[in-house]
Structures are given as structure tokens and as C-alpha cells.
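These are the residues of each chain, in order.
Protein chains: 2
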Amino acid sequence: MSAISATGLLKPALVQIAREIDASFDALLPLAGDQRDRLVEAMRYAAIGGGKRMRPLLLAATAGLFGADRTSAIRAGTAIEAIHVYSLIHDDLPCMDDDAMRHGKPTVHKAFDEATAVLAGDALHAFAFEVLSDPAMSGDPFVRIELVRTLATASGMDGMAGGQMMDIEAEKGSFDLQTVTRLQQLKTGALLGAAVEMGAILGRLPVEGRTPLRGYARDIGLAFQIADDLLDAEGDEEAAGKALRKDAAAGKETFLSLLGAERAREQARMLVDQAIAHLSHFGPEADLLREIARFIIERDR
Amino acid sequence: MSAISATGLLKPALVQIAREIDASFDALLPLAGDQRDRLVEAMRYAAIGGGKRMRPLLLAATAGLFGADRTSAIRAGTAIEAIHVYSLIHDDLPCMDDDAMRHGKPTVHKAFDEATAVLAGDALHAFAFEVLSDPAMSGDPFVRIELVRTLATASGMDGMAGGQMMDIEAEKGSFDLQTVTRLQQLKTGALLGAAVEMGAILGRLPVEGRTPLRGYARDIGLAFQIADDLLDAEGDEEAAGKALRKDAAAGKETFLSLLGAERAREQARMLVDQAIAHLSHFGPEADLLREIARFIIERDR
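Chains as they are written, first to last, in this note's numbering: chain Y, 1 to 301; chain G, 1 to 301.
Keep in mind that a hint or two might mislead.
Which copy is meant is left open, so a pair is good if it fits within one copy or across any two.
What the hints assert, rightly or not - In silico DMTMM-like cross-links for lysine to aspartate or glutamate, where the CA-CA straight-line distance does not exceed 20 Å:
no.: 1; residue 1: Lys172; residue 2: Asp34
no.: 2; residue 1: Lys172; residue 2: Asp287
no.: 3; residue 1: Lys246; residue 2: Glu169
no.: 4; residue 1: Lys52; residue 2: Glu208
no.: 5; residue 1: Lys172; residue 2: Asp37
no.: 6; residue 1: Lys105; residue 2: Glu171
no.: 7; residue 1: Lys110; residue 2: Glu169
no.: 8; residue 1: Lys172; residue 2: Asp91
no.: 9; residue 1: Lys172; residue 2: Glu114
no.: 10; residue 1: Lys52; residue 2: Asp300
no.: 11; residue 1: Lys172; residue 2: Glu20
no.: 12; residue 1: Lys246; residue 2: Glu208
no.: 13; residue 1: Lys172; residue 2: Glu41
no.: 14; residue 1: Lys11; residue 2: Glu169
no.: 15; residue 1: Lys105; residue 2: Asp236
no.: 16; residue 1: Lys110; residue 2: Asp134
no.: 17; residue 1: Lys172; residue 2: Asp113
Just so you know, these hints were derived from the structure itself, not from any lab.
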């Protein structure tokens, strides 16, 4: 699929980042010891012990490229993962996708209740910006504010929330390939792009030097979504840990419905090759990012 | 009620801040011209043309005390109001307070739908941090990050969201006065306190000098909530623009249920006097803050 052979960096990196992000949520979300504990428990239930931690992994791999310290990368990774987790909690609500399972366990509104799920999402949303704005994040206020700005933009109406709205509207009309691409760039691509961008900020890479990394992020973002569409159509529910076959049931146009499975798969492979090509002026220090790009379309969940 | 006579600053200030905040939301929330417009319309519907704008007013009045420029105060005021508005949208949801009217018009989930209401809240939440982190907010990254930090802390689990959780739990058990006070300090007090704090940040008041203003904010925060309890019990639904008599129906303990109307009213008056006393070393430049404190318990909505 790609000219570069796997160097086996990915598997230990996935294990390590999962352990670090769990430990970070555990430390940063202590129980309050009062009537708020139901909220903190719901936040911890959703945040700890689930998910691939793809965004923290991308963030830390990019930060590592420029020798940024790991502690900062994990803190910023915890913030971006908190945004991702909040969006899943709200997406799973009965009025949204009405999902009962996530990461192989009941969704937050099933395990707790709807009101607690709404609040846990809101509190994780605020938590992300608390973590990034805390002086413990970085001694440099400019680094902190750039992290905040990147994450807020990627999660708001010009990013994830805007993409979610388009996704709801997609059930009403037939979107063309251009509109589906735009939808996915906002819904998933913006936050994956923010992960890479935040890594570059921690690495103190000047804005002028970020073009190749942004190209990499854009390409893996689309490949990620095509892989998600394929997983939804062809994957195993148990491995995925959530309900599948939802796009077709909702009558939504996706990359898969518009391109067919074969062309969609081909397109994803092409995007991964293109993503890796963006990294050509980096040496072996970018091998983890290359492996992540390949993993994006090979995962089973 | 207070030794200081009204100087008539409040009425024009309320009119002016309402106009400025509406204009600011209008400018900062343009329609996208694509399938996200239902989301932007819901955000605009909730944000423009309603509410007393108490938090922006407090922020701008405090910033004005130190000669901070009005444009920055209005931007920061728009951000804190966006947080307040998002919390109202989510509070009004069927799984939360299930309210049909807000500011005299149908709530967002009634005027649009539940999914759009969840997303509009989420998008306004992100919007607040986009506005504060934008270089247009302040040329000084330290000012911007302190604004972000103050607002994120006041709206998360150690602030508004935590208070909301306690409020839900309040329906299950009988809270004592101490617990109700703590609940209200988090649920309403934290964000009112953040308004004053953000004004002080824009005014570049060192942290050491903020104690009297924090005392002022804490006292008006509690007075505000007692006044809200009295309004809920005795107010006019039409003037309030929302459903009332909800606390008693939910069986929640409030300042009113615990103290009785007469002592609650007396307590609110005492808190206002105390709030004004915190401003004693300021001259007439703090008259607007003094009038706001009195208005807190005299309003009819």
C-alpha cells in the first residue's frame, strides 16, 4: 500500500498513549466529594479506558518530531481528547444518533441519564479549555493561547459542530461528493487537523513551516472518514464496540454510497500515500506519523 | 435600602449594553451560506435580542472602572454571554428543565428541534473561546489566556456545570442552607464572579488588588439567586418571559423555602449593602456597579 515499510513503532505507541491519557484524565478529574460526584463519575466513565486516542497520538507524534516535551503533549492531548469525548457523549444522545453502546459499554445516557450526559459533555468541553489555559500547560502564554485558539476553532461552527449540523441535514437531502467531503472535513477532519497543529505549536514550528503537516492532516482526515464509512458497512460490531450499518439505514450519502466500496478503498489508499508524501522532507523521526497514516485505513474499530 | 442614592446610570447602561451585545453577536455570527445555516440561525435566535445582559454589563462596568477600552469589554462580554446563553439552551432541554418559553419566545428546541438545540449550545460554548482567543480580543496573549482561564473555570465542573449537577441532585434530597448556598455559588455565582474578574483582567488590575471586587461579586451573586427564588415564587410569568413556580413543584429546597420570604428578602438586602460596602474605596466611578447591585434585587425578570 505504501513504499515505506512498517517499523513497528505504532503498536507500542498506541499502548503507551492509551496508558498516559488514562492516567492524565484520572489525575485531572478527581472526585469532588460532594453532590457533583455524579457528574465527575460520568465524565470519568466516558473519558477513561476507551477509544483509540487517535488525536492525542497524532498530537504527541507531531510534537515529538520537534523534540517538544512529552508532559506538555500529554496535557494538550488530554484536552483534545476531552473535546472528542464530549462530542461522542452528545452524539449518542437519543435526540441525536440515539446510540446505546460506545467503546463496548453502555453510552453515558444509558449508564447514567440524559441530563447527566448533557452536563458531562458540557463539563468536559469546559475542562478542555481549563487544561489548556492552566499555567501548568506551558509557561508561555502565547503557546497556551494558540492551543486554545486552534482547539476552539476546530470544535465550533467552523469545525466539528458545523460538521455535525451538516450531518443531520444530510439525512434530509442527497448530498453530492463535494458536500460530503466538506461535511467530513468539518466533522472529523478539523479536530484531527487540530491535533497535528497543536503538536506543531508545542514544537514551536513557525506557521510558515506548517504547510506539509497541514497537508498530511487533511489527507489522513479524509482517509479516516472513508475508512469509517467502510467499517460502518463491512465491520464487525463487536470489534467496533458500537452499532454499525447506520449510514444506509439513515439514507445518508457517504463516500461509500457515492463512490462504491472499491473506489472508496482505492481513494483511501491514495490519500494515505499522499499524506506520507507530504512528510518527504522529514527523516525517520516522522516514521510514527507515517505508520499512523497507514493504520488509519487498516483499523477494525 | 442603601445609603447611596441612585444616580440614574443604570437605565441607559442597560439599554446601551443590550444594543452593543446584540450588534456584536450579529457581527460575529454571520450565516455560513451552506448546510450549517440551521445551526447558525439557532445560535442567533438564542443569542440575539433577549436577556438582561447582566454578565456583559458587570464585565463592562468593571472594565470601565479602570479605563479599559469599550470594544474589548464588549468582545469579552459577548464571550461570557455566549456561555450563559448556551447554558440556558441546554437547561431548557426536555431531559433537563423541559421549558417551552425563554425571554418571552419559544425555547430553541421548540423553535428548531432537540438535536439542533444541543448543537447550538455546543457551538456557542466553543464560540466563546474562539472570541476570547482571537488576536482581535487583545494584542496581549497574557490578557487573552487569563480571560480564557477565568471563563473556562467558571463554566466547568468547579463552576456552572458543577452547580447544575447539584441542582439536579437537589430534587432528590433535602439540601440544607449551606449546601444550597454552595450550589448557587457554583450555578450562578461563578459566572457572575467571572464577569467582574474578566473586567478586572481587561483593566489590568493586579491579582492582589482584586479582593474587594471579588467580595462584591460574591455578594451580588447570592443576592441575585435569592431574588431569582423570590421571582420564581412571586413574580409575573409574562414579565419574566418564562415559566415560574418551578422550584416548589420540583420539591427543591431554596433560599426561600429554607428562610421564608421575609428573611430571604432581608438577607438579599443585606448582601446588596455588603456588596456596595466592598466598593467603599472607589469614588463615583463605581456608581454603576453600586446601581447594578441594587438592581439585582429590584428587577422583575
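Intra- versus inter-subunit Cα pairing at 20 Å for lysine 172 with aspartate 37: So lysine 172 and aspartate 37 pass the 20 Å test across copies only (14 Å; inside, 40 Å).
Intra- versus inter-subunit Cα pairing at 20 Å for lysine 52 with aspartate 300: For lysine 52 and aspartate 300, the Cα distance is within 20 Å only inside one copy (11 Å; across copies 51 Å).
Intra- versus inter-subunit Cα pairing at 20 Å for lysine 172 with glutamate 20: Classified as neither; 41 Å inside a copy, 37 Å across copies.
Homomeric proximity label, lysine 172 with glutamate 114: Cα distance no greater than 20 Å: Classified as between; 16 Å across copies, 25 Å inside a copy.
Same-copy or cross-copy closeness of lysine 110 to glutamate 169 [CA-CA at most 20 Å]: between (26 Å within a copy, 18 Å between copies)
Same-copy or cross-copy closeness of lysine 105 to aspartate 236 [CA-CA at most 20 Å]: Within one copy only: 15 Å inside, 47 Å across.
Up to 20 Å CA-CA - glutamate 208 versus lysine 246, copy category: neither (41 Å within a copy, 56 Å between copies)
20 Å Cα threshold - placement of glutamate 169 relative to lysine 246: within (15 Å within a copy, 35 Å between copies)
Homomeric proximity label, lysine 11 with glutamate 169: Cα distance no greater than 20 Å: neither (38 Å within a copy, 43 Å between copies)
Homo-oligomer pair classification [aspartate 34, lysine 172; C-alpha up to 20 Å]: Classified as between: cross-chain Cα gap 14 Å, same-chain 44 Å, threshold 20 Å.
Alpha-carbon proximity between lysine 172 and glutamate 41, which holds within one copy, between copies, both or neither at 20 Å: Classified as between: cross-chain Cα gap 18 Å, same-chain 36 Å, threshold 20 Å.
Same-copy or cross-copy closeness of lysine 105 to glutamate 171 [CA-CA at most 20 Å]: For lysine 105 and glutamate 171, neither the intra-copy (27 Å) nor the inter-copy (28 Å) Cα distance is at most 20 Å.
Of the hints listed earlier, those the structure fails to meet are numbers 2, 4, 6, 11, 12, 14 and 16, in rising order.
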